[in-house]
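Protein sequences, first through last, are from chains A and B. Under the numbering used here, think of the first position of the first sequence as 115, with each following residue one higher. Under the numbering used here, think of the first position of the second sequence as 224, with each following residue one higher.
By construction, these hints were calculated from the structure, which means they are not laboratory data. For every residue, glycine included, the Cβ atom is placed at its ideal position computed from N, Cα and C. It is possible that some hints are incorrect.
[As the list claims (entries may be wrong)] Reference excerpt, derived from the structure (chain B facing chain A, CB under 8 Å, subset only):
| id | residue |
| --- | --- |
| 1 | Ile228 |
| 2 | Glu229 |
| 3 | Gly261 |
| 4 | Gly282 |
| 5 | Lys304 |
[Unchecked claim] Here are the simulated lysine-lysine pairs, DSSO-like style, with alpha carbons at most 27 Å apart:
| id | chain 1 | residue 1 | chain 2 | residue 2 |
| --- | --- | --- | --- | --- |
| 6 | A | Lys217 | B | Lys304 |
| 7 | A | Lys217 | B | Lys250 |
| 8 | B | Lys304 | B | Lys250 |
[Stated by the list, open to error] Which bits of chain B does chain A cover? Going by a derived footprint, with three or more residues having C-beta under 8 Å, they are:
| id | region |
| --- | --- |
| 9 | 233–240 |
| 10 | 265–276 |
| 11 | 289–301 |
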Amino acid sequence: MNIVLRVIIDIFIVGGCFFAFAGAVGLVRMPDTFSRMQSSTNITTLGVLLTLVGAFLYCLLVMHSWGSAAKVVVIGVLTVLANPVGGHAIARAAYRIGIRPEKELVIDDLDDEDACVEPSGAAAAPEGAGSEKEAEGQ
Amino acid sequence: MSEMIELIYFAIFYILCCFIAIWRLIKGPTAPDRAVAGDCVDVLTDMALVLVAIYSGRGIYLDIAIVTAILGFLSQVLIGKYLEGTL
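Take the sequences, apply the hints, and build the full model.
Have a look at this one:
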């Protein structure tokens, strides 16, 4: 095997290991729930992507296997598309069941009826907000 | 077997990172903490599976990693919806 290729693959995978370790340490050390969620995205973006780039190069240039390279790309696309959606669902659920950050929030759109449209009664919310504004104006 | 013996050590490192996340999974004061830590364990196991696959040269581990990624996403969204009360 070419030693240059081996070193390049190792650099990518070591970078992924570093970011995964940083995310895991942040998951333990961060003070509140939302900070821990932010730290977990460290694992699922840079840690995963750098490792998968290394695995992709290995599959393509060492194993000469296009099928394995395609599977690695599928794993990367799934992780990158799925984790923001799941993280958003978990974060909104954490807000709804009453968890707040330690510091006071500067902008709280989920508490603002004009900015946040509830999933139930989405048609009624803008009308109610508009009438309240008119009432305030009068 | 691959010539790159270090790949299996990277996989072992990912599993050790898993144990750090499992500590948060056990201790976590709230339910979203545990959900996030569980998703981290899922993703780290995924990466370890990819590394074991390219170390051993067997593509079947990549299939298992794809299934693990899909199930992790589904479980995270389901837990979020359940906690929110709109399941």
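Tested hints:
1. Ile228: Hint on Ile228/B: violated, closest Cβ of chain A at ~11 Å, above 8 Å.
2. Glu229: holds, 6 Å
3. Gly261: This hint is violated: Gly261/B lies away from chain A, its Cβ roughly 10 Å from the closest one there, beyond 8 Å.
4. Gly282: holds, 5 Å
5. Lys304: holds, 6 Å
6. Lys217/A - Lys304/B: holds, 26 Å
7. Lys217/A - Lys250/B: Roughly 22 Å separates the two Cα atoms, so the pair holds.
8. Lys304/B - Lys250/B: holds, 22 Å
9. 233–240: Satisfied; 4 residues make the cut.
10. 265–276: holds (count 7)
11. 289–301: holds (count 7)
The structure fails hints 1, 3 (numbered hints given earlier, in ascending order).
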